[in-house]
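Colleague: Listed below, chain by chain, are the residues.
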Amino acid sequence: MGIIEVKGLSKTYETRAKRKTTKVDAVAGVDLEVAEGEIFGFLGPNGAGKTSTLRMLATLIPPDAGEATIAGANLRTQQAKVREAIGYISQGGATTDDATAREELILQARMHGIGKAEAQRRTVAALEAFDLTEYADRQCKTYSGGQRRRVDIAMGIIHQPKIVFLDEPTTGLDPQSRAHMWDEVRRLRTEGMTVFLTTHYLEEADQLCDRVAIIDGGVIVAEGTPDALKREISGDIVTVGVGEDYTEKAAEVLKGQDYLSEVEIRDGGRLRLAVEAGETAVPRVMRTLDDAGIALATVEVHRPTLDDVFLTKTGRSLRES
Amino acid sequence: MKVFRDTWLIFHRNLRLMLRSPLWVVLGVSQPVVFLLLFAPLLKPALASMGANSQAQAYRIYVPGMLVALALAGGLYAGFDLLRELAAGIVERARVTPVSRLALLLGRALRDVVVLIVQAAIIIVLSLLFGLTVSVPALLIGYGILALITLTSASFSYGVALKIKNPAVMGQLVNNVAQPLMLLSGTLLPIALAPLWLRDTANGNPFNWAVTGMRALFTGHPGDPSIWKAFAMLGALAVVTIAWSGRKFAKSVR
Numbered sequence: 000m001g002i003i004e005v006k007g008l009s010k011t012y013e014t015r016a017k018r019k020t021t022k023v024d025a026v027a028g029v030d031l032e033v034a035e036g037e038i039f040g041f042l043g044p045n046g047a048g049k050t051s052t053l054r055m056l057a058t059l060i061p062p063d064a065g066e067a068t069i070a071g072a073n074l075r076t077q078q079a080k081v082r083e084a085i086g087y088i089s090q091g092g093a094t095t096d097d098a099t100a101r102e103e104l105i106l107q108a109r110m111h112g113i114g115k116a117e118a119q120r121r122t123v124a125a126l127e128a129f130d131l132t133e134y135a136d137r138q139c140k141t142y143s144g145g146q147r148r149r150v151d152i153a154m155g156i157i158h159q160p161k162i163v164f165l166d167e168p169t170t171g172l173d174p175q176s177r178a179h180m181w182d183e184v185r186r187l188r189t190e191g192m193t194v195f196l197t198t199h200y201l202e203e204a205d206q207l208c209d210r211v212a213i214i215d216g217g218v219i220v221a222e223g224t225p226d227a228l229k230r231e232i233s234g235d236i237v238t239v240g241v242g243e244d245y246t247e248k249a250a251e252v253l254k255g256q257d258y259l260s261e262v263e264i265r266d267g268g269r270l271r272l273a274v275e276a277g278e279t280a281v282p283r284v285m286r287t288l289d290d291a292g293i294a295l296a297t298v299e300v301h302r303p304t305l306d307d308v309f310l311t312k313t314g315r316s317l318r319e320s
Numbered sequence: 000m001k002v003f004r005d006t007w008l009i010f011h012r013n014l015r016l017m018l019r020s021p022l023w024v025v026l027g028v029s030q031p032v033v034f035l036l037l038f039a040p041l042l043k044p045a046l047a048s049m050g051a052n053s054q055a056q057a058y059r060i061y062v063p064g065m066l067v068a069l070a071l072a073g074g075l076y077a078g079f080d081l082l083r084e085l086a087a088g089i090v091e092r093a094r095v096t097p098v099s100r101l102a103l104l105l106g107r108a109l110r111d112v113v114v115l116i117v118q119a120a121i122i123i124v125l126s127l128l129f130g131l132t133v134s135v136p137a138l139l140i141g142y143g144i145l146a147l148i149t150l151t152s153a154s155f156s157y158g159v160a161l162k163i164k165n166p167a168v169m170g171q172l173v174n175n176v177a178q179p180l181m182l183l184s185g186t187l188l189p190i191a192l193a194p195l196w197l198r199d200t201a202n203g204n205p206f207n208w209a210v211t212g213m214r215a216l217f218t219g220h221p222g223d224p225s226i227w228k229a230f231a232m233l234g235a236l237a238v239v240t241i242a243w244s245g246r247k248f249a250k251s252v253r
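So the sequences go chain by chain: A and B.
Here numbering that gives the first Met the number 0 is used: position 159 in the first sequence is 158, and no number is missing along the way.
Here numbering that gives the first Met the number 0 is used: position 216 in the second sequence is 215, and no number is missing along the way.
It should be emphasised that the hints constitute simulated quantities derived from the structure, not laboratory data.
Just so you know, not all the hints are guaranteed correct.
[Unchecked claim] Selected chain B positions facing chain A (Cβ under 8 Å, derived; list incomplete):
1) L8
2) R12
3) N13
4) L16
5) R19
6) A87
7) G88
8) I89
9) R92
10) T96
11) P97
12) V98
13) D199
14) G203
Being a predicted model, the structure only gives us computed values, none of them experimental.
Yeah, the Cβ is synthetic: ideal placement off N, Cα and C, and Gly gets one too.
Only chain A is shown next, with the shape it has when bound in the complex (with noise of 0.2 Å):
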């Protein structure tokens, strides 16, 4: 049994535009297990219902339908203990301008019910932990968007918790500081902890998680390990760049080759095909879009990514959507 079991969990927003109430399922019905002391990563484009699940399970926002345990409390009668057992970390962070991390470790240590001394301790260690004991006493306004990043994380786990829940955590963060950023969630795993993430990033969902469920439209498409999910697409894709004039007629032509399994048309004038061999299609592709009096611009040969697992399951792209 997992650490977090959910069934079936839905939220309707209901928003009212003139004199019309429209109703949005944002989550419409999410079953998920996650294992101990794993990294499970949530990936769906904006608006896929990532954050809203988050919210629900973190206790935030009542579920309207569904059920979930964590940590083997149950979520809607047993709210006071799931929250000891979780930690959560919003996506633009919690720290206060004019406090210093200091003082906010030990808020928030304090308001988890933890003693004057033992919040201190707590604090100095937690500090040490995340590098930031030599701004310590400066005040978070001061700090670099990376060095605050640290303190939402060091107050999400001042109380130590079994699953820590993190809302895109590197979204607006340059490259290198979304590499640290990886290092620290992979540190909290090595800790002992249970990650929950959501993300609209396929490379933190790739690289980063044990196991991935793929979220569009308040729905889960896909659950599973990235390698899994990706092995189910065998093969590679290749994509040609024809040109927009000669999409149409290159599909015709390609439609028919035994050595594919899919053509399907991209914007920007280009195709994208699943082959079972990118090393002996792409000659092949070549010859036949030669002999139909087609130039072909540009070829590229990649295995497939949990892009192309999302849109084998949505039909749209990940990137575009």
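Starting from the known structure of chain A, fit chain B onto it as the hints suggest.
Modeller: Using the frame of chain A, we list chain B on its own:
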């Protein structure tokens, strides 16, 4: 008890933050000071019908009303700071902990009471220079009334902030509540000078009772019934408002 411990925690934190930008305290009191210096001296003839034969007596009628206005307005505008903290994710960060939701409200409201105490002290000291006289016990009782007013108005403001979340809309709402309330409470000029229809509404207005009570205290009538009536009505209003606002902190904030 947990509520007391948590309230102290939140109060201490908010007080410490406020001390880091004391400009707000000063700005909050600047308008009353301006009124005190430029408007009050004009009141002597207006208040003559109420027995104000001297500058000092005019102040004794005016200053209590102004203090009530200060407590009321200061509290009503407290919610804007909460809007800022809401947007910064600070309230949410507290809500994932078991900290008392009531403490999240009371800690902030008590901080606002402290701010008011300082601001009122500034006004009173200035007024003393202009000839106002008031006994220390009367002043302390007056502070009790002002504290209740601030607790109520600040709690109300926080509750509205949690419900409305939009600073522009909140600005409109607070202004539309604050202005009529000030006028109906006789803060600028005593309601006794108003036409009958206006005077009748005053009897149901706890803040008007507060002003009347404060005036009684400042003119040396500590036994006046308006004082205990003010405490009773304000006390009840404070409890209701705190209960209403406290619940808002427990529900989802975004």
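Colleague: So, as I understand it, the hint says L16/B touches chain A; can you test that by seeing if any CB pair is closer than 8 Å?
Modeller: holds (5 Å)
Colleague: Taking the closest Cβ pair, is D199/B under 8 Å from chain A?
Modeller: violated (39 Å)
Colleague: Any CB of chain A closer than 8 Å to the CB of A87/B?
Modeller: Holds - the Cβ of A87/B comes within 8 Å of chain A, reaching about 7 Å at its closest.
Colleague: Given L8/B was flagged as interface, is its beta-carbon under 8 Å from a beta-carbon of chain A?
Modeller: holds (6 Å)
Colleague: Would the hint on P97/B stand, with a C-beta cut-off of 8 Å toward chain A?
Modeller: This interface hint holds because 6 Å falls under the 8 Å limit.
Colleague: With 8 Å as the cut and Cβ atoms as the points, is R19/B at the interface with chain A?
Modeller: Cβ of R19/B sits 5 Å from chain A, so the hint holds.
Colleague: Once the shortest beta carbon distance from G203/B to chain A is found, is it less than 8 Å?
Modeller: Because about 34 Å separates G203/B from the closest Cβ in chain A, which is outside the 8 Å limit, the hint is violated.
Colleague: Quick check on the hint: R12/B CB to chain A CB, less than 8 Å?
Modeller: Status holds, d = 6 Å.
Colleague: Return the status of the interface hint for G88/B: holds when the least beta-carbon distance to chain A is below 8 Å, violated otherwise.
Modeller: holds (4 Å)
Colleague: Report holds or violated for the interface hint on V98/B, using the least CB-CB distance to chain A and a cut-off of 8 Å.
Modeller: holds (4 Å)
Colleague: Hint R92/B vs chain A: min CB-CB distance below 8 Å?
Modeller: holds (4 Å)
Colleague: Holds or violated: is there a CB of chain A closer than 8 Å to the CB of N13/B?
Modeller: With a minimum Cβ separation of about 10 Å from chain A (threshold 8 Å), the hint on N13/B is violated.
Hint violations for this structure: numbers 3, 13 and 14, all remaining hints satisfied.
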